[in-house]
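Guided by the hints, dock chain B onto chain A, whose structure is given.
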Amino acid sequence: MRRSQKITLALIAALILLAIYGLYPSIVFHSMSYEEKAALENTDPQKFRSLRDKALRLGLDLRGGMHIVLEVEKPETGSTSDVQERALEIIRNRIDKIGVTEPLIQKSGTNRIVVDLPGFTDIDQAKKLIGETAQLQFKLTLSPEEAQSYLLKIDSALASAMKASPSDSKAAEKSGSEIDTTAKAIMDMFKQDTSKQTAEQGADEETEHPFTSLIDENTGVAFGIPMTDYEEARRLLERPEVKAVLPSDVQLSWATRPYYRGDRAYQALYFLRNRVEMSGEHLVDAQPSFDQFRRPIVRFDLDKKGASRFGALTGANIGKPLAIVLDDRVESAPEIRSRIRESGQIELGGNASWDDARLLAVVLKAGALPSKVKIIQNSVIGPSLGQDSINKGRVASLIGLLLVMAFMIFYYRLSGAIADIALIINLLLILAFMIIPGIDATLTMPGIAGIILTMGMAVDSNVLIFERIREELRTGKTVRASIDAGYSRALLTIIDSHVTTLITALFLFMFGTGPIKGFAVTLSVGIALSLFTAFFLTKLVFDIRKQYKTLSI
Amino acid sequence: MIELIKNPKLNFVGVRRYAFILSGFFLAIGILAFIMVLSGKANLGIDFSGGAMLRGNFESPVSINDLRSALAAEGLTDAEIQAITGDNIPPNSFVIRTKGEGIAADSSLADAITARLHKRFVGNQFHLDSIDDIGGAVGRTLKSQARLAVLLSMIGILIYIWIRFDFRFGVAATVATFHDILAVLGIYYLLNKEISLLLVTALLTIAGYSLTDTVVVFDRIRENLKQFRKRGDFAGTVNLSINEVLSRTLIVSGTTLMAITSLLVFGGPVLRDFALALLLGVIIGTYSSWFVASPIVVEWEIRKPRRFK
Numbered sequence: 000m001r002r003s004q005k006i007t008l009a010l011i012a013a014l015i016l017l018a019i020y021g022l023y024p025s026i027v028f029h030s031m032s033y034e035e036k037a038a039l040e041n042t043d044p045q046k047f048r049s050l051r052d053k054a055l056r057l058g059l060d061l062r063g064g065m066h067i068v069l070e071v072e073k074p075e076t077g078s079t080s081d082v083q084e085r086a087l088e089i090i091r092n093r094i095d096k097i098g099v100t101e102p103l104i105q106k107s108g109t110n111r112i113v114v115d116l117p118g119f120t121d122i123d124q125a126k127k128l129i130g131e132t133a134q135l136q137f138k139l140t141l142s143p144e145e146a147q148s149y150l151l152k153i154d155s156a157l158a159s160a161m162k163a164s165p166s167d168s169k170a171a172e173k174s175g176s177e178i179d180t181t182a183k184a185i186m187d188m189f190k191q192d193t194s195k196q197t198a199e200q201g202a203d204e205e206t207e208h209p210f211t212s213l214i215d216e217n218t219g220v221a222f223g224i225p226m227t228d229y230e231e232a233r234r235l236l237e238r239p240e241v242k243a244v245l246p247s248d249v250q251l252s253w254a255t256r257p258y259y260r261g262d263r264a265y266q267a268l269y270f271l272r273n274r275v276e277m278s279g280e281h282l283v284d285a286q287p288s289f290d291q292f293r294r295p296i297v298r299f300d301l302d303k304k305g306a307s308r309f310g311a312l313t314g315a316n317i318g319k320p321l322a323i324v325l326d327d328r329v330e331s332a333p334e335i336r337s338r339i340r341e342s343g344q345i346e347l348g349g350n351a352s353w354d355d356a357r358l359l360a361v362v363l364k365a366g367a368l369p370s371k372v373k374i375i376q377n378s379v380i381g382p383s384l385g386q387d388s389i390n391k392g393r394v395a396s397l398i399g400l401l402l403v404m405a406f407m408i409f410y411y412r413l414s415g416a417i418a419d420i421a422l423i424i425n426l427l428l429i430l431a432f433m434i435i436p437g438i439d440a441t442l443t444m445p446g447i448a449g450i451i452l453t454m455g456m457a458v459d460s461n462v463l464i465f466e467r468i469r470e471e472l473r474t475g476k477t478v479r480a481s482i483d484a485g486y487s488r489a490l491l492t493i494i495d496s497h498v499t500t501l502i503t504a505l506f507l508f509m510f511g512t513g514p515i516k517g518f519a520v521t522l523s524v525g526i527a528l529s530l531f532t533a534f535f536l537t538k539l540v541f542d543i544r545k546q547y548k549t550l551s552i
Numbered sequence: 000m001i002e003l004i005k006n007p008k009l010n011f012v013g014v015r016r017y018a019f020i021l022s023g024f025f026l027a028i029g030i031l032a033f034i035m036v037l038s039g040k041a042n043l044g045i046d047f048s049g050g051a052m053l054r055g056n057f058e059s060p061v062s063i064n065d066l067r068s069a070l071a072a073e074g075l076t077d078a079e080i081q082a083i084t085g086d087n088i089p090p091n092s093f094v095i096r097t098k099g100e101g102i103a104a105d106s107s108l109a110d111a112i113t114a115r116l117h118k119r120f121v122g123n124q125f126h127l128d129s130i131d132d133i134g135g136a137v138g139r140t141l142k143s144q145a146r147l148a149v150l151l152s153m154i155g156i157l158i159y160i161w162i163r164f165d166f167r168f169g170v171a172a173t174v175a176t177f178h179d180i181l182a183v184l185g186i187y188y189l190l191n192k193e194i195s196l197l198l199v200t201a202l203l204t205i206a207g208y209s210l211t212d213t214v215v216v217f218d219r220i221r222e223n224l225k226q227f228r229k230r231g232d233f234a235g236t237v238n239l240s241i242n243e244v245l246s247r248t249l250i251v252s253g254t255t256l257m258a259i260t261s262l263l264v265f266g267g268p269v270l271r272d273f274a275l276a277l278l279l280g281v282i283i284g285t286y287s288s289w290f291v292a293s294p295i296v297v298e299w300e301i302r303k304p305r306r307f308k
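Read top to bottom, the protein sequences are chains A and B.
In this text, residue positions in the first sequence follow numbering that gives the first Met the number 0: the first is 0, and each later residue adds one.
In this text, residue positions in the second sequence follow numbering that gives the first Met the number 0: the first is 0, and each later residue adds one.
Derived from the structure by calculation, the hints contain no laboratory data.
It is possible that some hints are incorrect.
Label-pair restraints from in silico Cβ distances [unchecked claim]:
1) A:Y258 x B:I80: 36 to 42 Å
2) A:L401 x B:L9: 30 to 36 Å
3) B:P304 x A:L16: 55 to 61 Å
4) A:T109 x B:G74: 33 to 39 Å
5) A:R357 x B:I80: 47 to 53 Å
6) B:E2 x A:I19: 33 to 39 Å
7) B:N191 x A:P239: 55 to 61 Å
8) A:K476 x B:G23: 41 to 47 Å
9) A:K548 x B:P304: 34 to 40 Å
10) B:D232 x A:K476: 22 to 28 Å
11) B:N87 x A:L491: 44 to 50 Å
12) A:S49 x B:L9: 56 to 62 Å
13) A:R2 x B:L21: 39 to 45 Å
14) B:G74 x A:Y258: 52 to 58 Å
Every residue gets a Cβ at the ideal spot worked out from N, C-alpha and C, and that includes glycine.
Next comes chain A alone, as it looks inside the complex (with noise of 0.2 Å):
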């Protein structure tokens, strides 16, 4: 073996591994029965959310839920795009809060809106989702010291509810808290970098602070948490002794978006007053601008009534935060400057751009969610109708990829059998491809489709080859001088006959809805995958061997 072909034979051995080891997660994760997953989402919800994060991702068509189409009519003011960015931002909104995982939510057009929830299937809460007036607030925050001994108080209600009943988390299992310790650890764990902690002082933390201990800065009007422990913290939120804890005029709200520091990305909670200081109805306008220092703000104009509501309201509070809130998310919580009457401005802060900005204006002007938004395309697709797909697709590439292989051994004998494990890696690859992070495509029916059908054309290239060769052969030539025509000769022949596919399958991906995409992205994959391998691995294989008396082809 030449040092080349060693390095060839690594690089591949290496790629084969790595795919491996990234689709491990999908193999378990989709390998569970729906109860299965069900469960370990209860018992252990931060493995179940790793594992299917790091999995395959399945289209809609797969794995149930909502694919919904709106449409914005143009208003008799103003532009369409303006409606359909508040509508979407009210959406998207109202989406977060019901809590579906990996919700879909983009423009389409100039006036459609496309979401797509998978999981979710329950079309008259959707309805209300969309057809319901938005409702823009504006209200006051409680002061830094207030929230935190409310958040102690959730801590040691919940340390307390948790040691009640330890099934409830395995942290719990270990030893109580004590609560009159409870205000140092946390007045410590805002000093001190919570990453150099300890294992063990984690799980302690996890024991005695099951809430704060998840919470990872404090900017002083807001908490911010990792956004991988968003959903276990909305999960402790929503049980009833932190209900049980809050006054009622104190609400806990989140932000409508995540923020970032570096490349992580956090959640905020704002403590809040529940007293409504003023409503987004008085909002006449909004607009983006730049003030003096070309930095990007939001002006703002009242009407008659809201501008002496909110004179009294920013006279009164001024030095402190106002939330912004759209639909109980807090969109921004601005510091009050001065005393604001009819028109006023909002500072967005350093790093704010004029982006950030124009959707401010968006959101103060959706004070209504446009009335004229309708839903012109309604799919909803059951779990169990999903699960029986995702059967049918596996036992479909199962027998079709037992067909082929078993055909070409029959017909190829060894060199078949060298195509086949060609074949078998052309698999894996594609569906390695699929889970690379940035790439991070969706599984669909049609998608499988694709897979089946790549499987069938992906043998093509090593046939061509294969073909080749043995004309070679029958002309009298060497076996390795046939092989080496074989190769040369078949190549600009397939790379010829591959491209047309590749070319209908690019416009496919263009113009297609979601699971169109999802077969153009297999079958286009599979078909270049299938170049590689022929001309990489099926090659290496015949070339490890220099020298050959016959050929098993």
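Here is chain B on its own, set in the frame of chain A:
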């Protein structure tokens, strides 16, 4: 060495006149189907026409006739009803399909149908497994997108073949590809099967596959034409080329058909029509590379001979 056909010497080019008759028939039904699709008279899927499709099951048995008359009594006379059975499908399952503008501002067709079923079959709950409710506007968008995808694919392929081969081969390959697409479309029209987005996807896949076959043959023709001067027989060269790559064509069509058949038989109802279109497409695509694409090149050469370098 196992060989399908030892040293084949089939006369493909010789029988081209007969093949043209069959191909002409395919083209005719295809064009007819295409006109019907454009004028909206074909059996369009609800993704193109707008409408609603529901899949669900009743708790206790209901006959199709009862279901039909119940819907008709509620004014839904044109609803298509189909009972479905299978391993994992709950008993008393039905698919109900109806076309029209589909979902409207605040009431949807699917809702209307479920409400009526609940009203008519009191005490026999109807459980929904899936809903597809598509407004006419979405249908129109999908239709125009499908048209654009087909058009651009064809242009892209024509340009590619033109660059890689020459004008005559490009035209021949494109004609053969159109022939295949139209043939499958025509057969679907004659069988009164639904012309849906999934069928368009299948048609484009067929276009890609059929061209792969054609290009392999053309590639060999091009290679053999280098010795053309010595032999001086264009039609013979073309026929020889087809025969030389015959076993490859048959084997790849065979393995592809094996995979598609598996999909057709085991893949479930969602993809059945899709798999059937692919199956037809692979067979017709193989046929067309022998009997449409290559003969066109031969006819062209006979009428307007060129000198080959």
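Do the hints match the structure? See the list:
1. The given range of 36 to 42 Å is broken by Y258 (chain A) and I80 (chain B), whose C-beta atoms sit roughly 53 Å from each other.
2. For L401 (chain A) and L9 (chain B), the hinted distance range of 30 to 36 Å is satisfied, since their beta carbons lie about 31 Å from each other.
3. A beta carbon spacing of about 58 Å between P304 (chain B) and L16 (chain A) agrees with the range 55 to 61 Å that was offered as a hint.
4. Checked against the given bound of 33 to 39 Å, the beta carbons of T109 (chain A) and G74 (chain B), roughly 36 Å apart, stay inside it.
5. Under the hint 47 to 53 Å, the C-beta atoms of R357 (chain A) and I80 (chain B), about 50 Å apart, fit the expected range.
6. As the Cβ distance of E2 (chain B) to I19 (chain A) is approximately 37 Å, the hint placing it in 33 to 39 Å holds.
7. Between N191 (chain B) and P239 (chain A), the C-beta spacing of about 59 Å keeps the proposed range 55 to 61 Å intact.
8. About 44 Å separates the C-beta atoms of K476 (chain A) and G23 (chain B), a value consistent with the hinted range of 41 to 47 Å.
9. For K548 (chain A) and P304 (chain B), the Cβ-Cβ distance of about 48 Å falls outside the hinted range of 34 to 40 Å, so the restraint is violated.
10. Our hint of 22 to 28 Å for D232 (chain B) and K476 (chain A) holds, since their Cβ atoms are close to 26 Å apart.
11. At about 47 Å, the beta-carbon gap between N87 (chain B) and L491 (chain A) stays in the expected band of 44 to 50 Å.
12. Checked against the hint of 56 to 62 Å, the pair S49 (chain A) and L9 (chain B) passes, with Cβ atoms roughly 60 Å apart.
13. Checked against the given bound of 39 to 45 Å, the beta carbons of R2 (chain A) and L21 (chain B), roughly 57 Å apart, lie outside it.
14. For G74 (chain B) paired with Y258 (chain A), a C-beta distance near 53 Å keeps the hint of 52 to 58 Å intact.
In this structure, the hints that do not hold are numbers 1, 9, 13, in rising order.
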